Amino acid sequence: MTTWIQAHSAQDDIWSYFELDDDGWAQRQVDLEGAARLPVTAASLKEVLGLRDHADLVTLSAYERRYGVLAEGCLNGWQESDGVAVITRDKFERIWLEGRLRLESTDGPKAHEGTR
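In terms of this note's numbering, the sequence shown opens at residue 1095 and continues consecutively.
Here are the simulated distance ranges between beta carbons:
hint	residue 1	residue 2	range
1	E1174	T1153	32 to 42 Å
2	E1187	G1118	17 to 27 Å
3	A1149	H1102	28 to 38 Å
4	D1150	G1128	31 to 41 Å
5	C1168	R1146	15 to 25 Å
The set of hints was computed from the structure by calculation and includes no laboratory data.
As the structure is a computational prediction, the values presented were derived from the model and not from experiment.
Idealized CB from N, CA, C, for every residue including glycine.
Let's have the full structure, built from the sequences with the hints guiding it.
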């Protein structure tokens, strides 16, 4: 069963949103940074694997510069972590769409550095 969660890192002032598969692996991830909640990540495992398998390293690197890097490793145990909560699919999809649109309209996360 797919699960959608949000987590907050007060130290880094980042809200992270994950779509997890049955085994706890991130399928999609959105990170929003700072008080303005600017997207710095909106990456998809399916897209990354497709690029890895069917494109070149330059194309994969360009993807990661624009959309950030997906969390590596399994997120099992998130249930015991402070500041982590289940969210609805609708909430995740709204945040995903907003993050993707913002990152597609810029040069990626690094383009926001001057606006923080």
